[in-house]
Structure formats: C-alpha cells, structure tokens
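Read off the chains here:
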Amino acid sequence: METRRADPAGIAFAIGLFALAGVIWWDLRSLQGATTYGIGPQAMPMVVTAGLVLLAIGNLVSALRGELPERESTDPRAVLLILGGFVALIALIGLGGGFILATAILFTTTSAAFGRKAIVKDFAIGFVLAVIIFLIFDKLLTLSLPAGPLERLL
Amino acid sequence: MEAFSLLGQGMLVALQPMNLLFALVGVFLGTAVGVLPGIGPALTVALLLPVTYKLDPAGSLIMFAGIYYGGMYGGSTTAILINTPGESASMATALEGNKMAKAGRGGPALATAAIGSFVAGTVATLGLTFLAPWLVEIAVKFGPEDYFALMCVAFITVSATFGDSPIRGLTSLFIGLTLGLVGIDKLTGQARLAFGVPELLDGVEVTTLAVGLFAIGEALYVASRRHHTEEKLEAIRGSLWMTRQDWKRSWAPWLRGTLFGFPIGALPAGGAEIPTFLSYSTERRLCKYPEEFGKGAIEGVAGPEAANNASAAGTLVPLLTLGLPTSATAAMMLAGFQQYGLNPGPLLFAEKPDLVWGLIASLFIANTMLLLLNLPLVGLWVKLLSIPQPWLYAGILVFATMGTIAAKPSVIELSMLAVFGVMGFMMRRFDFPIAPVVVGLILGPVAEVQLRRAMQISLGDPMVLLESPISATLLGVALIALVAPFVLRGLGRFKASGD
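Chains as they are written, first to last, in the numbering used here: chain W, 1 to 154; chain U, 155 to 653.
The set of hints was computed from the structure by calculation and includes no laboratory data. It should be emphasised that the depicted structure is a prediction, and the values quoted were computed from it without experimental measurement. We put the CB at the ideal spot given by N, CA and C, even for glycine. Any given hint might turn out to be false.
As the list claims (entries may be wrong) - Here are the simulated distance ranges between beta carbons:
#1 U:440 / W:124: 52 to 58 Å
#2 W:70 / U:349: 49 to 55 Å
#3 U:507 / W:57: 48 to 54 Å
#4 W:76 / U:291: 55 to 61 Å
#5 W:57 / U:614: 27 to 33 Å
#6 U:614 / W:50: 30 to 36 Å
#7 U:442 / W:119: 52 to 58 Å
#8 U:492 / W:66: 40 to 46 Å
#9 W:119 / U:397: 48 to 54 Å
#10 U:613 / W:57: 42 to 48 Å
#11 U:533 / W:143: 29 to 35 Å
#12 U:288 / W:66: 31 to 37 Å
#13 W:57 / U:610: 31 to 37 Å
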C-alpha cells in the first residue's frame, strides 16, 4: 500500500472542530442548572462537546494518515464571484437598497461565475426577474420584501 | 377493515375541490422545481416551504405531499435526460436511463420510470395505510425514554452505518446537533449559543440551513468544477410509449423494486440509496439480457425508480407515526408540519385524524395526477432543462435567497444562509454527507426534550433508559449500528494486510 501524506485541509478541519467544542464549552458555563429533578440544560451541550472532541481526534488521525478522499481542482474565481454577489446582496438589504437591485446583482455575479461574459445583458435579465418576483410577492401575495428607492416607485 | 374506513374518510377530505387544487399545484410545482438539475426532492420541499406558509394546514400539507412526490418524478427526468442525478437515490436511474436516452430510447425510459413510480408509490402508500394504525398502537405505549432511544437509532443509522465513512458521517451529525443547541432552552428559558444576538434566540431555521446547504452549496460546487464536466441534454427521439416488450420487461422489476424500497424506507435506517442499488444489482442478475446492462437496459430504470419511490413512501411511516425523520426530505417534511405547530406521532392520529388521513389519501391522488400529467407534459419539462446553466443557477440562487428575504429580511439571517452555503460547498468537496446535518438540527432538540422528560419522571435516575425493555433493545441496536462499520472495516483491513 502506498503511503499518503498528511492532508493540511483535514488538519485545519480537525482544529475547527476542536474550536467549535471550545465555544460550546465556554457558552455552557453561563447556564444555570434545573431546580427540579432530572438533568439541566447543560447536559446536551456537554454530550455534544464530548462528541465533537472525539470526532476532532478521529478527523485529525485520518487527516494525518492522508485518508481523505481525492479532490479535484477547483476554480476559486467562480466561488468568489458568487460569494461576492452575496456580500453585495446582504449589504444592499442591510443598507436599505431594496430587493430588486440586490437580487439583480446576485443574478449577474452567479451567471458570470458560470462563465457568462455579457454582464449588462445578464444584469437586465436579473433586474426584470426581480421586478416580476417583487410584483408577485408584494402585490399579489402581500408578502413584504425589503423596499428601497426603486421599490417605492412601483 | 379499520384502515379502509379511515382511508375513506381521508379521501373525503382530499377530494374536496380546494384540496384537489392544492394537490395539483403541489404536483406541478414539485415536478417543475425537481426537474432542474442538481435539485433533489429535499431542496424542492425546502425552496417551496415559504410559499405554503400562509395557507391552512390541511391544504398546505396536501400541497406538500404533491411537492414531495412531484420532486421525485422530476428528479428521475433529469437523471435520464442529462445524467445529473439531483440526489444519490437517482444515481441508479441515471446509470441505465441516460444510456437509453443516448440510444434514442428516452421516451420509454421516462415512461417506465413514471409508471414504475406510480405502481411503487401506490403499493407503498397502501402499505403505509395498513402499517400506520398498527404502528400508532405500538407507539402509544412508548415512554419518553423509548423515544429517546429510537432517536439514537435514527441518529446512528443516518450518519454512521451506511455512509462511506462513519467518522465523516458522525461529524456531520454533530455539526447538526450543535446547530440544534442554538436558541432558548424550552424547559428553563435560558439562551444557549446565542451570543446575545436576538436572531439566534429562536434557533437556527431549518429552511435557512437546508437552502444554504443544498441550493447555495450545490451552486458553489458546480460553479467551482465547471471545467471538469460538460453535461449534455439528450433530446427525446422516437416514440414516448413503451412497446409490448418494454412492458414485459418492466412489470417484475417494478414490483421487486417496491419490495426492496418500502421496508427499507420504513425502517429508521434512512436513505433510498440502499434499496435503489439493491434493486439495480438484483435486476442485473435476473435480467434475460445481461449484455444490455451498462448500455441502457430498461430493467435498470424500472427497478431502481420503483425502489426510490417506494422508499420515499416508506420514510413517511416513521415520520407520521413516530415523528421520526430518516432522510433529508423527511426532515424537511417535518419542518413543514412544525411550521403549523403540528407534531407528527400517535397523538396527531388521535387528535387530527382528518388531517393525517386526508394527507395519506392525497398521496394516492398526487401519484395518479403525476402519472396523468407527466407523460403528456414531458415536453414542457424538457424545455425547463434547456435553460442555459448560468441563468439556471443564477435563477436558483435568486429563488433560494428570496425565501429567506421574504421570511426574515435581516443581515444576520442572510449571512447565516451564505455561511451554510460555504459549509455545503466544503462538505461536498471533502465528501461529508449532508443529510445528517439536517436530521441533527431538527431531531436533536426533540431527542433532548425526550431525554430530560424521561429523567424528570425517573427523578434523575439514568437507569430508566435500560429498565424499559423497548429502550434497552433500541439502545442495543444503536450501539451495534455504531460499532459494526468500524469492526467490519477493521476486519477488511486485517484481511487486506494478510493477503
């Protein structure tokens, strides 16, 4: 059997699990026990913490042995484009830019991530799609979507 | 027969014009969304959950059942025509079905899948009808400790027993359990893992998690490895209809697939992968034309597709009678019940028989509608498949975020959606199963409540878990299910090194 090298991503993952267990443990200390019989709200977090620590060790061992499955190369640009669209969407919704603009931007960055280059055309499609969704939800179903300057015009 | 009269009453509910309309809308929406590549039934239900929010419970659950079955139908169409199974249960279908489509026999492949799904769905729903009252009678005797033990079985089998790696499966489960801890503790009113953020006090929304993991995770994953695969949509050439020969070769696999699917789906073992692959390998062995396997044998579509649908109906047995979801889709269905404050289980059968039996009856109706609708409408679904990939995924992400924006337009909630999306992407890349996260989030808090209730009744004595024979047996099963994969793997390694 060929020897495989330790996998840095797997080790990072194990450290993340240890950290998660630490966060639960830290949060647990602020809880007060139940006054009645039985077990309090700390019991389940304790079980989860213990499980996470064991699994972190298990993941660390398999990462050090290089037992993680083979991975194909990825295109970081595509991932960053979609996530960038999300950041823009969240910022626009948070700052009151409205649903339509935010959605159109997410549509544009996602189709760019999938290899489209016609940015203006895609933005127009996303914009029209968002307007239609907004009209259906806001006027027909009376579900409120966040409104910005554009939405107030409709 | 008691089951028949109950089902008859359910039919009266399901056949009301309004409810028929809900079933029709559900079936239509479910197929339309399910047919999109990369979207399986679990995500179909998650995406459409916000749409049903404002309807009345009975109508909405009936619509849900339609969405569930419609999503399954749509998934098989995608698997056959573009070889992109939306979930692992359609993988067997894609194996032979796509070959058939390439050979110009896409029509019969779609037809045998649709009719097989109808046969399997109907037989399995009959199974559900007879099994449910009987299981409810047993479930009434369950104490909280027994429920807790049952959930332990489900946790282990869903995550550790049948996956590729028990460690990765359990890791997924514990991430889900961690997310389930977030929010106000129901028994003492204290906040856990909320870090003073008001949005977190209500806990993590199941739909946010599911849409993030499934829709956004999938979009990121497909975008990141776009340069590896080129998917091609096969046009349907030739006749849509099955020949005499096709019928002769299909009916036995349909029934065998149903026999694999229903019992395995009904056990708290989760997942339709096992019955579909069992069915595939059985048909391959029994087939009179084994040389056709791998080149488009109709048995290889008929059997697994029937097994897939039968197991979907099978998972409704533990879901409705015990409140136990054993697959990601069942977990989403449970979330659908919970949004109306309904908890499936024996009590629901006693308190709202009209609702439960109306839902079961509507499964028969949804199944029939799908058969009547889908074969004639297959051209429409194929059009949906021909949307260019960039616009398709951009549209999916727009709809995915829209659900969250409509429900809770807050920066925190949307950020959680994005974080879960990245998590789904990483889990796909590193081959962690996703269903255990969803099951952990939804079932973890329920298991905790049952355990604490059991401990309260026993005045804090943990031996209650072993003193109840049901609970002791179930915990034993859970322990075996947990240890078995490690032991078997150890044996395998021992053998490998001995050779």
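_When the structure is checked against the list of hints, which entries are broken? Sort them ascending._
2, 6, 10 and 12
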